[in-house]
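K.L.:
The residues making up each chain are set out below.
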Amino acid sequence: MKIPSLTLLLTALVAAPLPAQQLSGAGATFPAPLYQRWGVEYNKQVPAVKVNYQSVGSGAGVKNFLQGVVDFGASDAALTDAEMAKAPKGAVLIPATAGSVVLAYNLPGVTGLKLSRAALAGIFLGTIKKWNDPAIAAANPGLALPATPINVAYRSDGSGTTYVFTQHLAAISPEFDDQVGFDKSVTFPVGIGGKGNEGVTALIKQTPGTIGYVEYGFAEQNKIPMAAIENKSGNFVMPTPESGAAALASVELPENLRAWPVDTAAPDAYPISSFTWLLLYKKYPDAAKLKALKDFITYALTEGQTLATSLGYIPLPESVVAKANAALGTVE
Amino acid sequence: MASPTQVRPSAARFDLFQWLCRAASLAAVAVLLWILWAILEQAWPALREFGAGFLSGASWVPNRDRYGVLPFLVGTVLTSLIALLIAFPPGLAIAIFLSEDFLPGPVRQFMRFVVELLAAIPSVVYGLWGIFVVIPIIQSVGTWTSERFGSVPFLAGPAYGNSLLTASVVLALMILPTITAISRSSLVAVPRTLREGAYALGSTRWEAIFRVILPTAAPGVVAATILALGRAMGETMAVAMLIGNSPRLSFSLFAPSGTLASLLANQFGEAEGMQVSALMYAALVLVALTLVVNIAGEAVLRLTERRTAGIR
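So the protein lines, in turn, are chains Y and R.
For the record, in the first sequence the residue sitting at position 298 is 298 according to my numbering, with numbers rising by one throughout.
Here my numbering = 1-based position in the second sequence + 1000.
Output of the computed footprint for chain Y on chain R, the stretches with three or more beta carbons under 8 Å from beta carbons of chain Y: (1) 1156-1166; (2) 1245-1252; (3) 1268-1277.
Treat the hints as calculated values from the structure; they're not laboratory data.
Note that the coordinates shown come from a computational prediction; the quantities given were computed from them, not determined experimentally.
Just so it is clear, CB atoms sit at the ideal spot from N, CA and C, and this is done for glycine as well.
Excised from the complex, chain R in its bound form (with noise of 0.2 Å):
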């Protein structure tokens, strides 16, 4: 630091440059616990009358006042992992066939474009489109499914059209741009010399990819795993127009659910009091989890980091 005796143009300008970095950051983690806060006085109430149980308690009755957030802690959960089992493996592999050159650079381009504009379109509008295309098929997979395997539990019958499958089908659609861009641009980042070198010891392609640039990259790719999967525990519109919004705790892919950011989304407008308070805590729980991915992500994400040292 420059001290006020030596201050020059440049040295001010740049304390200021500084400064400005500083005040951002700080204004950043600010805003986060501004937030936090609101949240945990609004809950407050809620959290006091009724403690741990909200999290185990199986029935929301607003009327009732009886508020017990598992079932939409269930649907969150299963939703988003759905999506990422279904996401995760075609999304790594675009991203791979996106990286080598199996097509010319420009078709390359092209693709990765179109993959990343799925990104770019508005979750109403996924919604929408789940509403027309994917529910009508969800309906009758799911109704032939439950017919024949009802007697499995995650494929018991009756089925809706507006389910948890339906919702996981198209958060995984969702999702995938995120998975396939973060994971493409850790392949192409890894350097040139590795894979030559792969190639020069006698390696095929796919030994070179599997064995040298994936494990490489790997970091990248459990982050862009992990970014996905917050995407999708947080994504509220689309799902509540797919979900069916049911308060019912159920484990059937065929069932309707509910997740705690539809919950929010759809009882807010018109909540008082207690309820108010309710939706507040299942916001809380919802933050919570997020940060619960985040730092098990964190924490595979450095061990990915230590395994694979050695091939850095």
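The following block holds chain Y by itself, in its conformation from the complex (with noise of 0.2 Å):
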């Protein structure tokens, strides 16, 4: 049994492979785990096209992108006008995926905590310094808050995880816009910083008494408590697959599909979620490359989108894929 299937697999390796498609991407280093996921997945499929994307952030992916190194890019900040501007081909966003940014924190005894719009900006503005602060304590009649010290953990290398995050505070807060700002890098107030998601986590696993960002998946994984956040309709939500979708279905993406769900009003949404995008090429001179994209690509917003949930990532509502589609349509 084993040894044929050693010799077939030998074979395959000396034998001339067919002429391989490679599909090299770059940027974004949140959906990386589900990008690489669907490369491996696809090639299973298609063994003849292979996808190799390197997780080098959103920051240096759109900076490959524009220089026309790789045949796609991926940022969580999408592109700004200028940057579609420099595009040498033009530019194409084509949403992919999507994830929240929850707050998770280290309360030994304490669970279900609910955070109020004004706890939660004071909280990473250093205004409210103790857990049984009475802004914390209102939305939380029933949680025994200890008198301790608050320690706030961020993100201390740039990602899109924080722009993503303080975008939302900038918006139900203008205090904290005023203040701190919203971007992939900015400087808080009060805490201490961990590198990547699982630097933040292994910071509030460490410390009780810690709150901190991270991405949903990092939070789940690692079975660290969520805070449930007030939206905009008043409502405190927690994040959930679903009430990410909810918000990312709220948005009305327009025609260059950029669009961040920020602070939306739809009742059981989940206020801090958001997009992270694939950048593609108007034009692709290489035909046989177009076609290997394009097929890729329409993987990953079918069948690609169900690996999502396990992989701690929001599937696109229906509405976003067609009009993903539709976008992938036009590029040639």
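Using the hints, put the two chains back together into the complex; each one sits in its own frame.
P.N.:
Structural data, given as structure tokens:
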């Protein structure tokens, strides 16, 4: 049994392989596990196409894309209008998946924490310093909150996660917008920084009294309690794939497919969710490469979406998939 | 140099060897200049924009394009100096202990091996060890101390596990083998005749060590210290994992801080535009800082050599 299959494998290796189509991509780290999984799964179905995605970060991904050294880029912050104009062969944005940023915390004996909008902004502005602060306690009448200091954990590296989170804070708190602002890398007035989602996760797990923001998948895998966040309608919503999808479905995507569900008004939506985009050129001179790329992205938008939930991402709502497919059609 | 008319095989080989040596040493210098040039070129926009204010600016705000590197400069200098302060006394003591015959040779060999093995541990492993062992200790010690002596600026609370002191303690452990190994070899290199002379004049073992052997080996000990300081300033991974990566200016031992190297490691990946340039400027500052330490070290080295020349 073993030997023939081994021989087969060797023959397959030795025999000249089919002219493989290599698709190279680079960009955001947040969706990298999903993109790489797509590459592996797609390669099982279509062995002739190999997808090589490097998670170099959104900034570097955009840079590589604009220099034209990759077949596709990926970015959590899409492309700005200026960047769109700079793309050598024109750019098409394809929303590929989405995620929620959650507030994970470590408070021994406390679960089911709810954070009002004022409490959330206050904690990250450093104006709310203790766990039993009235601003937190008001929304959590049943919880015995300790009188210990709040230890804030943030991302020390530049990241799309920080971008989405601070974008939300800036939207709900003019004070935060004024003092901190939003970007992939900002300077919080309080707390300690960890590198990467895993770094922040470690900081939270390690020290009781810590709260920090991480991608949903990380908190889920590490079984860290997540806070329910008050959305624009005044409901406290837990981060789940469903509440995230509700936020995404509430956005009307413009023609360039670039939009953020910032502080959505949908009543059952989790307020801190965002798309992440694949960056494609408008024109690919190599017809074989174009076909391979289109087929791969079609796979990603259909079958690929079913892999999203298991890895902690939010599958795209159908309306978004339809628009993404239409945009893919314009690539030639 | 052999003239072309009398080239023999051996002379030709010799020339080739010399040529290779020259090329290698020139290449080393060229690469250094190339690196400096590349950094300078990238840093140029930030240099022009912020000038010297970059060094005294206390806020690092990438989304507002405001860059001041002072908190990281302070963090770098403090962590490496504290690390040196912690590591130097035991490092030198171990070196003296291992260079004397207090213990049988094989045992000393073994201990030396173990100390030098510390240098072979990858820094990410030190970082992990720091996370699981040092952070909880500093957290509880820090909380205790800052509650009682918080009015002293260096001990102000609230105490964090990821702090200046945590990074310094782990750095101290990382530079200990450097101090010990180089100091030990310079102590061992002290001629036997000097020691015998000291004994012959009636000095005790400790008098011989402190009055004769240590002063003779002083240049080596100074060199060890400079190398250790350089290593501490440039260390990136372990520090980034332990220091708390805060861009706020702070002098408390128990507060999170940041170093130039950890700043670069943290922010370079996603940096764009002026931020890249500002990070390159920070890299330039780090290089300059290392250079200053080396020059100062060289000066101290020469001074010690001159002052102890009488003994040699």
